[in-house]
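Student: The residues making up each chain are set out below.
Protein chains: 2
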Amino acid sequence: MKYHMENTEAFLRLSSVILLVLTALLVGLDHQTKFVFFAYRKASFDEVNALLVLVYVDAVVAGYNLVRLFGKCSMSAGLVKQNPQGSSLYLAWLSLLLDQIAVYVAFGANSAAFQASVIALTGISEFQWMKLCNKYSRFCLQMGGALSCGYLACLLLIFISFITAFNLFRLYSPKKLFLLKSISG
Amino acid sequence: MKYHMENTEAFLRLSSVILLVLTALLVGLDHQTKFVFFAYRKASFDEVNALLVLVYVDAVVAGYNLVRLFGKCSMSAGLVKQNPQGSSLYLAWLSLLLDQIAVYVAFGANSAAFQASVIALTGISEFQWMKLCNKYSRFCLQMGGALSCGYLACLLLIFISFITAFNLFRLYSPKKLFLLKSISG
Numbered sequence: 063m064k065y066h067m068e069n070t071e072a073f074l075r076l077s078s079v080i081l082l083v084l085t086a087l088l089v090g091l092d093h094q095t096k097f098v099f100f101a102y103r104k105a106s107f108d109e110v111n112a113l114l115v116l117v118y119v120d121a122v123v124a125g126y127n128l129v130r131l132f133g134k135c136s137m138s139a140g141l142v143k144q145n146p147q148g149s150s151l152y153l154a155w156l157s158l159l160l161d162q163i164a165v166y167v168a169f170g171a172n173s174a175a176f177q178a179s180v181i182a183l184t185g186i187s188e189f190q191w192m193k194l195c196n197k198y199s200r201f202c203l204q205m206g207g208a209l210s211c212g213y214l215a216c217l218l219l220i221f222i223s224f225i226t227a228f229n230l231f232r233l234y235s236p237k238k239l240f241l242l243k244s245i246s247g
Numbered sequence: 063m064k065y066h067m068e069n070t071e072a073f074l075r076l077s078s079v080i081l082l083v084l085t086a087l088l089v090g091l092d093h094q095t096k097f098v099f100f101a102y103r104k105a106s107f108d109e110v111n112a113l114l115v116l117v118y119v120d121a122v123v124a125g126y127n128l129v130r131l132f133g134k135c136s137m138s139a140g141l142v143k144q145n146p147q148g149s150s151l152y153l154a155w156l157s158l159l160l161d162q163i164a165v166y167v168a169f170g171a172n173s174a175a176f177q178a179s180v181i182a183l184t185g186i187s188e189f190q191w192m193k194l195c196n197k198y199s200r201f202c203l204q205m206g207g208a209l210s211c212g213y214l215a216c217l218l219l220i221f222i223s224f225i226t227a228f229n230l231f232r233l234y235s236p237k238k239l240f241l242l243k244s245i246s247g
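Quick note, the sequences are listed as chains A and B, same order. Start counting the first sequence at 63; every next residue gets the next number (our numbering). Start counting the second sequence at 63; every next residue gets the next number (our numbering).
Put simply, identical chains are the same to the list, so a pair is met inside one copy or across any two.
Pairs of lysine to any residue, SDA-like flavour, derived with a Cα cap of 20 Å:
| # | residue 1 | residue 2 |
| --- | --- | --- |
| 1 | Lys134 | Ile220 |
| 2 | Lys237 | Asn69 |
| 3 | Lys237 | His66 |
| 4 | Lys238 | His66 |
| 5 | Lys134 | Ile80 |
| 6 | Lys237 | Leu153 |
| 7 | Lys238 | Glu68 |
| 8 | Lys134 | Lys237 |
| 9 | Lys193 | Val180 |
It should be emphasised that the hints constitute simulated quantities derived from the structure, not laboratory data.
When you get a sec, could you build the whole thing from the sequences and use the hints?
Tutor: Right, here's the structure in full:
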């Protein structure tokens, strides 16, 4: 049963890595040149800070999950520790912390990029920010696909951090605070 | 010790409610009228979808936490269930789910509003979206304060959902998956 859960976690991590890389590629390779206002103008991801940040964040989070995936596999091949104590426990807390940071950073970057895209789609007439998606439609379509992938990856990351938290917290005693179960019985 | 943790949770919930209401008020009451381009123009939160969404989201999340706070207090006054079983367990899972939804919705809305504010602050010259904060400086300053409050509230909400997860997951057996500790010993 534990084996089953570790497989699920590995599958989720692998899927999230694929989705994050796909998001970064879709955003990073997104550009469109159009003849607007008597000149060729190019829409590219690096003109908007949020999209640039999203590409970097997704690449780093994908890398982090890849490292965790390999770490998990090499641990499974060796000795499986059912009940981590001491330094292993600190490691479990650290991995939960890193998982949580990964989720929130990826989710925040995705939401920021989503907002920039919404402004590009609708424009804000009061601020005289004109809409762009009627001109750069292919660019916007690709960005929509990228953001969908990004949100799906975030959902997987949330599940992963749930599993990490579950595996850590169930070691603790339900009656006495911060006492390990093996001690309290 | 359990009493100590419940007090911490109640304090965190109360603080998050205050911060969320403060954020919603700061955003909702933020407007500035200026004489620009031969006409009086007004910058207001309801011109940007992200800010409108942020006000509603923060109000709803604050309301949810207030309900949870009163629920917690009335439960503490009555019988404190150390080891929830059956329907109480489902309730604990539901409350974790709701806590998580509250965190992610509030964090996403805050990040979206942050991105809109960054565009207002810097502008994007390639898209001919001009910067606004040099004209509406007081408006932007108030928005900055509101978003800081919002991120602080998100941090508290993350801590709260950690406590909820800890209290639920430590009921489970560390050896057998999804088996309660009272059964497995």
